[in-house]
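Below are the chains, spelled out letter by letter.
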Amino acid sequence: MAFINLQNVTYKYPLIKTPVLQDINLQIDEGEFVAVIGPNGAGKSTLCYTLAGFVPHFFKGEISGSVEVAGMESSKSTLDEWILNVGLAFQNPFNQISGAKYTVFEEIAFGLENIGTPREEIKSRVQEALKLTGILDLADRSPYSLSGGQQQRVALTSILVMQPRLLVLDEPTSQMDPIGTREVFGVIRKMAEGGMTVVMVEHKVEWIAQFADRVIALKDGSIFLEGKPHEVLTSDALAENGFGISRYTSTARQAKKQGLWKKDRLPVTLDEAVEGFALTLPSPEGRGQSR
Amino acid sequence: MKIEIKDLRFTYPTGLEALRGVSLSLETGEQVAIVGQNGAGKTTLVRHFNGLLKPTSGSVSIGDWDVTKYAVAKLASRVGYVFQNPDEQLFSRDVITEVTFGPHNLGYPREKVDELVERALSLTELNDKTETNPYDLSPTWRKMVALASVIAMDTPIVILDEPTTGQDAVNVARIAHVIAELRQEGKTVITITHDIDFCAENFERVIALAQGKVLLDGPAAEVLGQEEILAQTYVDPPQLTRLGKRLGFKEIVRNQEEFLNVIARSGR
Chain L
1 MAFINLQNVT YKYPLIKTPV LQDINLQIDE GEFVAVIGPN GAGKSTLCYT
51 LAGFVPHFFK GEISGSVEVA GMESSKSTLD EWILNVGLAF QNPFNQISGA
101 KYTVFEEIAF GLENIGTPRE EIKSRVQEAL KLTGILDLAD RSPYSLSGGQ
151 QQRVALTSIL VMQPRLLVLD EPTSQMDPIG TREVFGVIRK MAEGGMTVVM
201 VEHKVEWIAQ FADRVIALKD GSIFLEGKPH EVLTSDALAE NGFGISRYTS
251 TARQAKKQGL WKKDRLPVTL DEAVEGFALT LPSPEGRGQS R
Chain E
1 MKIEIKDLRF TYPTGLEALR GVSLSLETGE QVAIVGQNGA GKTTLVRHFN
51 GLLKPTSGSV SIGDWDVTKY AVAKLASRVG YVFQNPDEQL FSRDVITEVT
101 FGPHNLGYPR EKVDELVERA LSLTELNDKT ETNPYDLSPT WRKMVALASV
151 IAMDTPIVIL DEPTTGQDAV NVARIAHVIA ELRQEGKTVI TITHDIDFCA
201 ENFERVIALA QGKVLLDGPA AEVLGQEEIL AQTYVDPPQL TRLGKRLGFK
251 EIVRNQEEFL NVIARSGR
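Protein chains in written order, with the working numbering: chain L, 1 to 291; chain E, 1 to 268.
What the hints contain is simulated information worked out from the structure, not anything from laboratory work.
Any given hint could turn out to be false.
Think about it this way: if two alpha-carbon atoms lie no more than 30 Å apart in a straight line, the pair counts; the simulated DSSO-like pairs of lysine-lysine are [stated by the list, open to error]:
hint, chain 1, residue 1, chain 2, residue 2
1, E, 213, L, 256
2, L, 17, L, 219
3, L, 12, E, 129
4, E, 245, L, 256
5, L, 257, E, 74
6, L, 131, E, 213
7, E, 54, E, 74
8, L, 17, E, 245
9, L, 257, E, 69
10, E, 54, L, 219
11, L, 60, E, 129
12, L, 262, E, 245
13, L, 262, E, 69
14, E, 245, L, 228
15, L, 101, E, 69
16, L, 101, L, 190
17, L, 263, E, 245
18, L, 263, E, 250
19, E, 129, E, 69
20, E, 2, E, 74
21, E, 69, E, 213
Covered stretches of chain E, as calculated for chain L (at least 3 residues, CB under 8 Å) [said to hold, decoys possible]:
hint, region
22, 9–16
23, 66–74
24, 95–105
25, 233–241
26, 258–265
Yeah, the Cβ is synthetic: ideal placement off N, Cα and C, and Gly gets one too.
Use the sequences and the hints to build the structure in full.
Here it is, written out as structure tokens:
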């Protein structure tokens with residue numbers, strides 16, 4: 001039995017005529033790191049809300065098909081059962097900060113306090129989580145005095161500290177600096193290796209290719225492509241349908257047309273691109289000299 | 001319209017020293033990207049240009065105006081600022097009202113207001129959403145509404161704070177197109193971004209900030225090639241720049257065209 005099992009899931013928000021998710025079938029194993037990509041309006045956030053129980057328990061609307069996560073069935077359980085197993089980091093961190101806490105430390109402790117975790121344990125877990133995401137130096141700042149990217153790290157940390165079995169992340173690095181983004185991907189990979197299941201909406205395909213186990217490409221509420229990151233991210237159909245692709249892939253695809261890319265397989269990551277283009281170039285001394 | 005910043009320092013009431021002596025001059029019609037680590041002071045810096053923040057010491061002038069002597073409402077005629085988070089900016093019940101508010105408020109004649117609104121809506125491809133409440137749109141479209149409502153003000157200086165955040169490839173291309181249009185019109189565009197590939201492809205000048213100071217400032221190709229220095233402020237060079245470097249290119253390439261030219265010349 002898969003850890004996440006969605007069968008023929010179709011969902012409509014209240015007052016909106018067209019379904020945002022259409023006949024989604026999806027199985028994810030425990031400890032898998034799955035990235036979700038897709039154009040704006042593809043249903044990515046709604047899929048996150050569904051996995052986190054917000055659809056339908058919070059947003060209401062009409063849902064059909066079955067949603068099972070961590071042995072819970074959506075139609076037979078309540079949101080407060082779900083939150084013990086599933087953590088969701090919102091797309092906009094401003095929407096997630098509680099507004100009830102004065103410091104980052106307290107903000108991150110908020111969830112644990114709410115489920116009645118003993119005081120000493122809260123302290124050590126918050127400390128540990130702050131270290132993990134590299135924001136120990138922000139502990140005493142007000143969550144509202146932080147920059148967008150820092151706030152995003154706080155939002156992520158406040159979910160990680162709960163140690164959910166399923167971590168759902170909706171563009172968790174959208175406001176982060178580039179190297180910070182890579183670090184966060186590394187942290188999330190580590191969580192997945194520790195057995196946490198991760199579903200992450202992201203546009204940054206270079207890092208998806210390096211860190212995720214599987215990619216799901218959504219379009220118009222349906223699964224458009226699904227598979228190993230490399231396969232999905234280099235597919236011609238992706239580029240032709242408004243999905244973001246890596247510059248390495250698009251450049252190699254163009255180079256191939258001009259006979260300047262010699263391999264069958266297109267690259268997604270820097271290493272793959274270096275390896276492939278090296279075949280086109282003469283020995284290192286001659287490169288880039290002719291002007 | 002020139003922006004002149006002299007030894008700008010800013011300390012938040014909490015004691016946080018966000019800017020520690022920034023001096024820059026931005027010429028009329030320049031397209032400038034500001035990059036740097038989260039918390040480097042990027043947003044704090046640009047919020048001085050339209051008077052949302054006032055210098056703790058040092059000075060900022062917009063054309064012949066010293067920002068400390070003019071109200072935000074007045075500065076709005078010279079500097080348009082698109083917030084990082086559209087939810088901090090939008091307040092109207094429908095898109096058309098939102099986009100009309102700025103130019104109307106600046107006192108332009110009615111025909112000019114209509115013309116500016118029309119142009120802003122078509123540039124951002126919001127024409128079919130004019131009657132929609134911005135909060136019924138997805139966050140990504142709300143960002144386009146925020147952008148439209150500022151470009152409709154026709155200010156000589158436009159600031160975009162992380163315009164591509166959360167946008168798909170199609171919308172990023174749309175934003176790049178808007179920036180190109182503004183360049184054509186001779187406007188100064190200052191953009192904060194973490195999307196370094198977008199930065200390399202759309203801006204001539206790049207300023208890297210680190211811990212409240214200018215770390216690098218110069219032509220994009222020069223700045224974005226400085227891998228070790230950029231790492232100090234948590235920025236990677238663009239993908240193709242990194243690739244060129246790894247392949248041993250002698251020159252710094254910024255985009256696909258430049259990259260393929262080098263490959264074509266030296267390929268076997």
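Tested hints:
| no. | hint | result |
| --- | --- | --- |
| 1 | 213(E) - 256(L) | violated (43 Å) |
| 2 | 17(L) - 219(L) | holds (18 Å) |
| 3 | 12(L) - 129(E) | holds (21 Å) |
| 4 | 245(E) - 256(L) | holds (21 Å) |
| 5 | 257(L) - 74(E) | violated (54 Å) |
| 6 | 131(L) - 213(E) | holds (26 Å) |
| 7 | 54(E) - 74(E) | holds (14 Å) |
| 8 | 17(L) - 245(E) | violated (51 Å) |
| 9 | 257(L) - 69(E) | violated (59 Å) |
| 10 | 54(E) - 219(L) | violated (46 Å) |
| 11 | 60(L) - 129(E) | holds (25 Å) |
| 12 | 262(L) - 245(E) | holds (20 Å) |
| 13 | 262(L) - 69(E) | violated (62 Å) |
| 14 | 245(E) - 228(L) | holds (28 Å) |
| 15 | 101(L) - 69(E) | violated (36 Å) |
| 16 | 101(L) - 190(L) | holds (29 Å) |
| 17 | 263(L) - 245(E) | holds (21 Å) |
| 18 | 263(L) - 250(E) | holds (24 Å) |
| 19 | 129(E) - 69(E) | violated (39 Å) |
| 20 | 2(E) - 74(E) | holds (17 Å) |
| 21 | 69(E) - 213(E) | holds (25 Å) |
| 22 | 9–16 | holds (count 3) |
| 23 | 66–74 | violated (count 0) |
| 24 | 95–105 | violated (count 0) |
| 25 | 233–241 | holds (count 7) |
| 26 | 258–265 | holds (count 6) |
Hints 1, 5, 8, 9, 10, 13, 15, 19, 23 and 24, counting from the list given before, are not met by this structure.
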